[in-house]
Each structure stands twice: as C-alpha cells, then as structure tokens.
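Student: Residues per chain are reported as follows:
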Amino acid sequence: GAGVSQSPSNKVTEKGKDVELRCDPISGHTALYWYRQSLGQGLEFLIYFQGNSAPDKSGLPSDRFSAERTGGSVSTLTIQRTQQEDSAVYLCASSLDRQFVMNTEAFFGQGTRLTVV
Amino acid sequence: AQKITQTQPGMFVQEKEAVTLDCTYDTSDPSYGLFWYKQPSSGEMIFLIYQGSYDQQNATEGRYSLNFQKARKSANLVISASQLGDSAMYFCAMREEGSSNTGKLIFGQGTTLQVKP
Numbered sequence: 001g002a003g004v005s006q007s008p009s010n011k012v013t014e015k016g017k018d019v020e021l022r023c024d025p026i027s028g029h030t031a032l033y034w035y036r037q038s039l040g041q042g043l044e045f046l047i048y049f050q051g052n053s054a055p056d057k058s059g060l061p062s063d064r065f066s067a068e069r070t071g072g073s074v075s076t077l078t079i080q081r082t083q084q085e086d087s088a089v090y091l092c093a094s095s096l097d098r099q100f101v102m103n104t105e106a107f108f109g110q111g112t113r114l115t116v117v
Numbered sequence: 118a119q120k121i122t123q124t125q126p127g128m129f130v131q132e133k134e135a136v137t138l139d140c141t142y143d144t145s146d147p148s149y150g151l152f153w154y155k156q157p158s159s160g161e162m163i164f165l166i167y168q169g170s171y172d173q174q175n176a177t178e179g180r181y182s183l184n185f186q187k188a189r190k191s192a193n194l195v196i197s198a199s200q201l202g203d204s205a206m207y208f209c210a211m212r213e214e215g216s217s218n219t220g221k222l223i224f225g226q227g228t229t230l231q232v233k234p
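These protein sequences, in sequence, are chains A and B.
Residue 106 in my numbering sits at position 106 of the first sequence, and the numbers go up by one each step.
To get my numbering, take the position in the second sequence, counting from 1, and add 117.
Each hint should be verified, as a subset may be incorrect.
Sample of chain B residues at the chain A side, in silico, Cβ under 7 Å [what the hints assert, rightly or not]: (1) G150; (2) M162; (3) F164; (4) Y167; (5) G169; (6) F185; (7) R212; (8) K221; (9) L222; (10) I223; (11) Q226; (12) G227.
Here are the computed lysine-lysine pairs in the DSSO-like style, where the Cα-Cα straight-line distance is at most 30 Å [unchecked claim]: (13) K120(B) - K187(B); (14) K57(A) - K11(A); (15) K233(B) - K133(B); (16) K57(A) - K120(B); (17) K57(A) - K190(B); (18) K187(B) - K133(B).
Chain A side only, calculated, beta carbon under 7 Å to chain B, not exhaustive [claimed, not checked]: (19) I26; (20) F65; (21) F108.
Hints in this document: simulated from the structure, not taken from any laboratory.
Keep in mind that this is a model prediction, so the values were computed, not measured.
Cβ coordinates follow ideal geometry from the N, Cα and C atoms, glycine included.
Only chain A is shown next, with the shape it has when bound in the complex (with noise of 0.2 Å):
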C-alpha cells in the first residue's frame, strides 16, 4: 500500500513480557517519528529518525524503550519488560523531512494498540 503501515494492529501481552511494534514508512520517506497516545491524550514524542543522522531519542521515557531502523526504512520499536501504564496507542509517522524545508507533513499509521495485564 501507499501509506505507513503498523504491525499489530491490536497487541495484548502480559506484565514482564516484551513486545516489539514495526513500522513500514512510506517508500522515500526519509524521517519516521513514533508517538505514544494515552486514551483520549496528546501525542507524546518518543524517537524521531532522519536520514543517516543519529536518531533523536530524547523521547524514550526508560531504557526499557528502545527502537531500530533498517536500511533507512522499517522500524522497530521495543519495549522490554512491558509495565501496565506502558498501555497505550503506539503511532508511528514518516514524512519527506529536509534540512530547511519545513512544509513536510508527516503521514500516520493507523497505531498499534498495546494493552499490558
């Protein structure tokens, strides 16, 4: 398909386990973004990914988060030892992001639904 692609759907893991979320970006699009979105919450801004540069992981809110970019295209996103208030909306975005080119919307994926028991 032409648009950002997330995998599950809907994930359902019990507390302790890890999970791992992919994301399928659009083809060319050079940065991908994850967002986390409690119900009925803003989006929280977790790693942003751009090119070849180093990712941005100011977002991470543990070192039990971690994520992954192959090849400048799908991503990874990890949670290890998953905790209840990890459960939440996972986002992932990508867009055509260029040094001094600011119009670039970012495109979403449809989420992945985590929920920890």
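Starting from the structure of chain A, add chain B where the hints point.
Tutor: Just chain B now, with coordinates in the frame of chain A:
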C-alpha cells in the same frame, strides 16, 4: 518546557457556525513550521493545514484557516461553517529547523471539538 500549548481541552460549536481553536508555541528558532491535524474517533491522523514562520500571509485550506500572530507566538485554527463531521480531536504541532537537522515534530495536548446539530 512545554513547546506547544492548547489551552482548550474541549469546545462546543453549533453547526454552521465558525470556531477558533487556540494554539500557542514556544521557540527561539527563527525558522519553524506549524501544523494542525485532526483525529476523528476512528483514530487516524489527518493533516489539515501548514504555516511557515516566514510566510507573510495566513494559510488557508478550504474551510480551515490559520490565524498566525508571530509576535504573540500563536497559531489558532479557524474552522468556518462547522459541520457534524468536524467533531474530532484537533492537534497543533511544530517543527523547528534547528542547527543539526533534528527538526522533530512536537504536538500539543489537543482540543476536542464537538459540533452540535
């Protein structure tokens, strides 16, 4: 420090009337972009409108316009002739150009708009 502030958690508007959703931002970067997104109950994120910090005119897209007051650091979204389908959560977001090409997109907490018939 909060970069994007949306002070209205919830708003009501009568169908066919206009409504203004507030957004203020904080940046010392002279080059930045401001975005508005709509999130219906289905959860998808829909890009509405963009305003660049150097743009001389307020952005408009159909029934959406952006009231950009640079000195006040505000970028309010105006929706004219509200429709029932406008009921959704609305997010203001900003990207700073920065000095190291790490211009991540940061979102406000959102405003829930309900359009009354």
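Student: Hint by hint, note whether the structure agrees.
Tutor: For each hint, the structure was consulted:
no. : hint              : in the structure
1   : G150              : 4 Å, holds
2   : M162              : 4 Å, holds
3   : F164              : 4 Å, holds
4   : Y167              : 5 Å, holds
5   : G169              : 5 Å, holds
6   : F185              : 14 Å, violated
7   : R212              : 6 Å, holds
8   : K221              : 4 Å, holds
9   : L222              : 6 Å, holds
10  : I223              : 6 Å, holds
11  : Q226              : 4 Å, holds
12  : G227              : 5 Å, holds
13  : K120(B) - K187(B) : 15 Å, holds
14  : K57(A) - K11(A)   : 23 Å, holds
15  : K233(B) - K133(B) : 9 Å, holds
16  : K57(A) - K120(B)  : 17 Å, holds
17  : K57(A) - K190(B)  : 27 Å, holds
18  : K187(B) - K133(B) : 29 Å, holds
19  : I26               : 13 Å, violated
20  : F65               : 16 Å, violated
21  : F108              : 4 Å, holds
Consistency note: the structure conflicts with the earlier hints numbered 6, 19 and 20.
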